[in-house]
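Asker: Given chain A, work out where chain B should sit, using these hints.
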Amino acid sequence: MKCNTAMKVVRISDEVWEIPVTEKPGMLVPARIYGTESILRAMDTGVFEQVTNVACLPGIRRYALCMPDGHWGYGFPIGGVAAFDVRSGIISPGGVGYDVNCGMRLIRSDLTLADVQPKLDLLMTELFRRVPAGVGASGFVSMNRSSFDRVMTKGARWCIEQGYGWHRDLERMEQGGCLPGADPGKVSDHAVTRGMNQLGTLGSGNHYLEVQVVSNDRIFDRETAAAFGITGQDQIVIMVHCGSRGFGHQVASDYLKVFEKAMRRYGITVKDQQLACAPFLSEEGQDYFAAMNCAANTAFANRQVITHQIREAFAAVFGRSGEELGMELVYDVAHNIAKVERYPEGELVVHRKGATRAFGPGSQDLPACYRSVGQPVICGGSMETGSYLLVGTTRATEDTFGSTMHGSGRTMSRTQAKKSISGEQLQQQMKQRGILVKAVSMSGLAEEAGFAYKNISEVVESVERAGITKKVAELRPIGNIKG
Amino acid sequence: MPAFFHFLDDVALADLAFDAEGDSVQGVFEAASQAVMEAMADPKTVGATWERRVEHTGADLAELLFDWLSDFVYWKDAAGVVFSRAVIAVTQAGGQWTLAATLIGEPVNQATQVLRNDVKGVTKHLYRLYQDNGRWRARVVLDV
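Protein chains in written order, with my numbering: chain A, 1 to 483; chain B, 484 to 627.
Just chain A, same shape as in the assembly (with noise of 0.2 Å):
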């Protein structure tokens, strides 16, 4: 098998390879690659070197994982998910991202293509005007320490408590919007600075707002589809992907420095300085951990406020609420973060880096509502070529930690694909093709064409395939907002 690597690459199935731990001195389980042949042949030589690293780490269990959409990251590849056990094993910023809780968001509604294609262009205004993005930008919400300290805290409750969405869209996000044992008191005054005018902000890079269309034709799993409220006939849904901003950023830059000093005491030596980590019960690790969990909350608060944000724009174009206009949400899931959850060899830091949860129909961590068909998993794929609505499957549960891809990846740098086409040129492309965008950056915009990325329906189909997700349908852009 030729792969960017010089490592022996086992098949295990058409969509599972196999690095063994006799390839890598130091291999303390067997790296695991998700992927067609074809996916896997033109993988960048960071994921193989990368995913064999993490797999050397103190206390990972079963494998170390590299979803098809992984490409090189810091320390883990983006598309990595390692497990460790809670008492022997470690906690890594690495393992996370430094964008903690980049996540996803899907909305609803009861509109079609051909109630919105009038106003698309009014549309795309009012929430460019609304959602602030690119370099710089701030907020609408006002904060200040004590009000932040309750975002960490509270995540996307804290602004359903100011007005900012409703009650029922906490129970459709990953663990309500909310995660347990942040404390605010274990992140820098530096971190907190950079993030308190953020709330509510996209950022730039690979986010963005996305307006699209369901098809009836693409639309794979009825009844499921009917579960999350995606019912077809052109109807129009919203896609958020941003994360916890520069503020995350800060938390992870923090605790790398406190980790590399850590190390050191704690005897533990890694691959790549940016795999810096701590043992998860120890101090560092547990501060870490709180720090965290206080990005994610932010990240989920940031979420939430974009999404009033969305509705109220959708609102002054169409003359109707939100909720007359059926804007409910989906699902909002993590595809950055760390969390302690049981499998069968007990309670795990499960990472995931560039990976969505995808836990399968049953999982008592599902609202009610999603109980029986299992977690919606939102992966986004360039602003091109349109992204998917999948679902978790019992199969992700036992062989991926739960986990599955969380977009396309990319496949050609930022430096040249600014070198390949102009952003008024691709802006120009997409207009013609029924895509209108509005960018605050047109060099950030050329960043993103989708010939960067990896054709998300082969890497959706490779996760189908191996059984950790299932294609509910196929989500097509109308209007994209980037910074």
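Bear in mind the hints are in silico, worked out from the structure with no lab data behind them. Note that CB positions come from ideal geometry on N, CA and C, so glycine has one too. One or more hints might be untrue.
As the list claims (entries may be wrong) - As a list, the in silico EDC-like pairs of lysine to aspartate or glutamate whose alpha-carbon atoms are at most 20 Å apart:
(1) A:Lys438 / A:Glu384
(2) A:Lys261 / B:Asp550
(3) A:Lys419 / B:Asp525
(4) A:Lys261 / A:Asp272
(5) A:Lys257 / B:Glu546
(6) A:Lys257 / B:Asp543
(7) A:Lys419 / B:Asp502
(8) A:Lys419 / B:Asp492
(9) A:Lys419 / B:Asp550
(10) A:Lys261 / B:Asp543
To be verified - Simulated restraints on C-beta separations:
(11) B:Arg618 / A:Ala316: 37 to 47 Å
(12) A:Arg11 / B:Val570: 53 to 63 Å
(13) B:Gln593 / A:Glu398: 28 to 38 Å
(14) B:Thr581 / A:Glu347: 41 to 51 Å
Answerer: Quick look at chain B alone, frame taken from chain A:
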């Protein structure tokens, strides 16, 4: 040869990597600073209505550069500004390096500035500051 930087095509797929170099420590610091400012916005389109004095001291020059470049990211978020210029002086005394600098810029204005990436942080991935054939060189990956 003057100090300069260039963004890299094949490093850090999802983020932004650059190499900076100069004849002196001061030169490589200036080139790296310019790269970070240009990653965020076109400095030529940014005014000079905001400034902040910054000082760092330490024995580890690489850590000093890392902390200094991180200042751009911090003030971008904390004060909502982008940068047109940075005035830098790097000195050494008694085994300690000191950076005394002034960050100059103005509040973000989407109408008048050419804005680029909302840089979230300076990372340690592939991070290096070293001397090679008399030139000071740095490799930096920015998380965007």
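Asker: Next, verify each hint and record whether it holds.
Answerer: Results for each hint:
no.: 1; hint: A:Lys438 / A:Glu384; verdict: 13 Å, holds
no.: 2; hint: A:Lys261 / B:Asp550; verdict: 17 Å, holds
no.: 3; hint: A:Lys419 / B:Asp525; verdict: 17 Å, holds
no.: 4; hint: A:Lys261 / A:Asp272; verdict: 14 Å, holds
no.: 5; hint: A:Lys257 / B:Glu546; verdict: 11 Å, holds
no.: 6; hint: A:Lys257 / B:Asp543; verdict: 14 Å, holds
no.: 7; hint: A:Lys419 / B:Asp502; verdict: 18 Å, holds
no.: 8; hint: A:Lys419 / B:Asp492; verdict: 9 Å, holds
no.: 9; hint: A:Lys419 / B:Asp550; verdict: 30 Å, violated
no.: 10; hint: A:Lys261 / B:Asp543; verdict: 15 Å, holds
no.: 11; hint: B:Arg618 / A:Ala316: 37 to 47 Å; verdict: 57 Å, violated
no.: 12; hint: A:Arg11 / B:Val570: 53 to 63 Å; verdict: 59 Å, holds
no.: 13; hint: B:Gln593 / A:Glu398: 28 to 38 Å; verdict: 49 Å, violated
no.: 14; hint: B:Thr581 / A:Glu347: 41 to 51 Å; verdict: 48 Å, holds
In the structure shown, a violation is registered for the earlier hints numbered 9, 11, 13, in ascending order.
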